[in-house]
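Asks: The listed protein sequences correspond, in order, to chains A and B.
Each residue of the first sequence is one higher than the one before, starting from 1 at the first, in this note's numbering.
Each residue of the second sequence is one higher than the one before, starting from 351 at the first, in this note's numbering.
Where hints are given, some of them may not hold.
[Stated by the list, open to error] So the derived label-pair ranges between C-beta atoms look like this:
1. A:G62 - B:Y367: 35 to 45 Å
2. A:R132 - B:R573: 38 to 48 Å
3. A:P177 - B:Q498: 40 to 50 Å
[Unchecked claim] The list that follows gives simulated cross-link-like pairs (lysine to any residue, SDA-like), each with its CA atoms no further than 20 Å apart:
4. B:K485 - B:S399
5. A:K150 - B:R369
6. B:K500 - A:Q197
7. A:K150 - B:K500
8. A:K150 - B:I687
9. B:K500 - A:F77
10. A:K46 - B:G412
11. A:K294 - A:K268
12. B:K679 - B:P576
13. A:K150 - B:P697
14. B:K396 - B:W409
15. B:K500 - A:P116
16. B:K500 - A:G114
17. B:K500 - A:V21
18. A:K37 - B:A692
19. A:K135 - A:G114
20. B:K387 - B:W409
21. B:K396 - A:V21
22. A:K268 - A:Q197
23. B:K500 - A:K329
24. A:K150 - B:M372
25. A:K150 - B:E462
26. B:K618 - B:R478
27. B:K500 - A:R74
28. A:K150 - B:G430
29. A:K329 - A:R223
30. B:K500 - B:D469
31. A:K150 - B:F427
32. B:K644 - B:R654
33. A:K150 - B:P425
34. B:K500 - A:M22
35. B:K500 - A:P347
36. A:K150 - B:G499
37. A:K46 - B:Q498
38. A:K46 - B:V518
39. B:K396 - A:K268
If you're looking for bench data, these hints aren't it; they were derived computationally from the structure.
Ideal placement from N, C-alpha and C gives every residue a C-beta, glycine not left out.
Given next are the chains, with one letter for each unit.
There are 2 protein chains.
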Amino acid sequence: MTDPGFALDCPVPRTGYDRIVMAHGGGGRLSADLLQKVFLPAYGNKILSQLEDQATLDWEGGRLAFTTDAFVVRPIFFPGGDIGKLAINGTVNDLAVGGARPLYISAAFILEEGLPIEDLERIVASMRDACRAAKVVLVTGDTKVVDQGKGDKVFIATSGIGVVPDGVTLSIRGARPGDRIVLSGTIGDHGMAILSQREGIELESTLESDTAPLGELAQNALRACPSIRLMRDPTRGGLASTLNELAQASGVGVRIEEERIPLRPEVKGACEILGLDPLYIANEGKLVAVVPDKDSDRLVETLRAHPLGRNAVVIGEILADGPGIVRAKSRIGGERIVSLLAGEPLPRIC
Amino acid sequence: MTDPGFALDCPVPRTGYDRIVMAHGGGGRLSADLLQKVFLPAYGNKILSQLEDQATLDWEGGRLAFTTDAFVVRPIFFPGGDIGKLAINGTVNDLAVGGARPLYISAAFILEEGLPIEDLERIVASMRDACRAAKVVLVTGDTKVVDQGKGDKVFIATSGIGVVPDGVTLSIRGARPGDRIVLSGTIGDHGMAILSQREGIELESTLESDTAPLGELAQNALRACPSIRLMRDPTRGGLASTLNELAQASGVGVRIEEERIPLRPEVKGACEILGLDPLYIANEGKLVAVVPDKDSDRLVETLRAHPLGRNAVVIGEILADGPGIVRAKSRIGGERIVSLLAGEPLPRIC
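Make a model of the complete structure from these sequences and hints.
Replies: So this is what it looks like as structure tokens:
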């Protein structure tokens, strides 16, 4: 959206394309057309509409959080969302778990030649709604087109900027023995929604992605419990990967109780049929926090008071024993080691 | 690089992969492997090495510039650079032409399964060198992998943050009749270097991309001539598109003299053989500035004092006549209209 060749003030001929062609990425008249007919009507705001090569933002000072993510999810539309909603929420959440208040978003689109314009419009509208819900503003962007067969419909890379309130110093290295691990809700919803859509698996009830913006939930948590050591959103690799990561970075042991972890019956059922472990399935709207024991009940209460944290619970604790190791106490009482897998069992889930 | 599943402190087994596999994008052990063996050795800095989901940056206040670009250039290695160098310089330049001092960069990689790790390492090293040359720091990133045949080796989306010095208010709407148009050097080098590489065209001498970081050149220009109305880097769509864009946005006419525009003999020759107009060919290290007449000589001198502006010249002027129209006086005296094309004549040049 901020490339040379975008011509805001010239009359745009109605070209009547219903699919993306290479020239939509060429920086000329068709790029301007796409900008004016698809992107600006959706995202138009005072900053983006300047159409400069960069957005200029007033900044009051203080610390700034900066993050980026590429989204390559397949299929691009799935129950509960689409690649656009995922891209906005994913970037918002990477800011949120750092304790930052998300403010500004950039979006770079890589479109495959032949993509129906209608699909692009649907994604763009969904991103607009996601920005509104997360209270962020999309201020700059870019669009490229690749030849048919050299991409996969649409990839989106989003970056985000947020402000970190004074006093917030979360760190993946901050977990201490005795701390509690709090989870904001059910796990595996996003990954299983994608899988069921992709593989055409029929489930008894519709399973939806949990994609949601965690900015407000995270800010509420930090205000109520400034003692929080760290927060993460367990996306690719699932809760298991997040727990392994913090165990290794903090040099501590982690023990969770499986029966405490909230699980939708349909996710549980689908995982059993497919032989998948929900601990490794991706989430896109869940928060994990490590907090001193004395504040864990207050944190759970605070999370439960927000619609995105209704099922919040303490799922385990941080131990001095077994640094870098994650153990899960099973429903029948045994204990197993929850290791870091080579990769996510379901590729391209985000 | 800032995703769950990256395990900084755990011993990383030598997996011995020499090509990208899907699990390198899965957020598990192989993602951590890629991060530790490829990305961190190249970009390692205090902020990135925190491995949080977001980079946290101190900020003194003032205005902040924010930009993003996706890079899909084909081939990924070309004379004078590669997709990585292009990605860093392109984002640096979008900040620079807004008058900002580029500071921080994010990079999101979309890798195609099967990409040789060696190619990735070469690109990553080139980005590291480009960051150093541009005096920017890569502080956050992400890596995704798509199935073979669903991407094209590697796509990179970079975003950048810079600080806008007090008093700088450049705008694409700022050109006024009587102003001069200054160009920092030869045109068409990047596009023709890509084309010659792609199509295997033999040229008498090696033609190289002009990809370069314009931050210092732009800051020098602004310090010497605070009266500069606007700056742009004429990338996709070439100089013609940049001039059309500013003519339309500022509601002014533009007249350039073709014989003043610096052109390498090999670019001129190749354009003549192929029937291409160099005005439409992409540049990746050139700056166009519009400046009041009285300051144009000083601007040219200032640009010429910098290695990237050695061939700077006044190429034309801003007119009240013919708002939105770009005219070129040809070498033999006639005048033609330089219109905005539908797209870039050479797809995927950046």
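Asks: Now tell me if each hint is right for this structure.
Replies: So, going through the hints one by one against the coordinates:
1. A:G62 - B:Y367: 35 to 45 Å: At 42 Å between Cβs, range holds.
2. A:R132 - B:R573: 38 to 48 Å: Holds, since R132 of chain A and R573 of chain B (Cβ atoms, about 41 Å apart) stay within the stated range.
3. A:P177 - B:Q498: 40 to 50 Å: For P177 of chain A and Q498 of chain B the Cβ distance comes to about 45 Å; the hint holds.
4. B:K485 - B:S399: Satisfied, since the Cα-Cα distance of roughly 18 Å is no more than 20 Å.
5. A:K150 - B:R369: At roughly 18 Å apart (the allowed maximum being 20 Å), R369 of chain B and K150 of chain A satisfy the hint.
6. B:K500 - A:Q197: Between K500 of chain B and Q197 of chain A the Cα gap is close to 19 Å, so the pair holds against 20 Å.
7. A:K150 - B:K500: With Cα atoms ~6 Å apart, K150 of chain A and K500 of chain B stay inside 20 Å; holds.
8. A:K150 - B:I687: Not satisfied, since the Cα-Cα distance of roughly 36 Å exceeds 20 Å.
9. B:K500 - A:F77: holds, 17 Å
10. A:K46 - B:G412: Holds: K46 of chain A and G412 of chain B sit about 19 Å apart, inside 20 Å.
11. A:K294 - A:K268: Distance of about 32 Å is beyond 20 Å: violated.
12. B:K679 - B:P576: violated, 29 Å
13. A:K150 - B:P697: holds, 13 Å
14. B:K396 - B:W409: Measuring from Cα to Cα gives roughly 16 Å; hence the hint holds.
15. B:K500 - A:P116: holds, 17 Å
16. B:K500 - A:G114: holds, 14 Å
17. B:K500 - A:V21: Distance of about 17 Å is within 20 Å: holds.
18. A:K37 - B:A692: Between K37 of chain A and A692 of chain B the Cα gap is close to 15 Å, so the pair holds against 20 Å.
19. A:K135 - A:G114: violated, 33 Å
20. B:K387 - B:W409: Judged against 20 Å, a Cα distance of about 31 Å means the pair is violated.
21. B:K396 - A:V21: violated, 43 Å
22. A:K268 - A:Q197: Status holds; Cα separation ~16 Å.
23. B:K500 - A:K329: violated, 41 Å
24. A:K150 - B:M372: holds, 17 Å
25. A:K150 - B:E462: Given pair K150 of chain A, E462 of chain B holds - Cα atoms ~10 Å apart, limit 20 Å.
26. B:K618 - B:R478: violated, 33 Å
27. B:K500 - A:R74: holds, 11 Å
28. A:K150 - B:G430: violated, 24 Å
29. A:K329 - A:R223: Roughly 32 Å separates the two Cα atoms, so the pair is violated.
30. B:K500 - B:D469: This hinted pair holds, its Cα atoms lying about 18 Å apart.
31. A:K150 - B:F427: Distance ~17 Å between K150 of chain A and F427 of chain B Cα, so the pair holds.
32. B:K644 - B:R654: At roughly 17 Å apart (the allowed maximum being 20 Å), R654 of chain B and K644 of chain B satisfy the hint.
33. A:K150 - B:P425: Holds, because 13 Å separates the two Cα atoms, which is no more than 20 Å.
34. B:K500 - A:M22: holds, 17 Å
35. B:K500 - A:P347: With Cα atoms ~13 Å apart, K500 of chain B and P347 of chain A stay inside 20 Å; holds.
36. A:K150 - B:G499: Between K150 of chain A and G499 of chain B the Cα gap is close to 6 Å, so the pair holds against 20 Å.
37. A:K46 - B:Q498: violated, 41 Å
38. A:K46 - B:V518: Holds, because 18 Å separates the two Cα atoms, which is no more than 20 Å.
39. B:K396 - A:K268: Measuring from Cα to Cα gives roughly 41 Å; hence the hint is violated.
In the structure shown, a violation is registered for the earlier hints numbered 8, 11, 12, 19, 20, 21, 23, 26, 28, 29, 37, 39, in ascending order.
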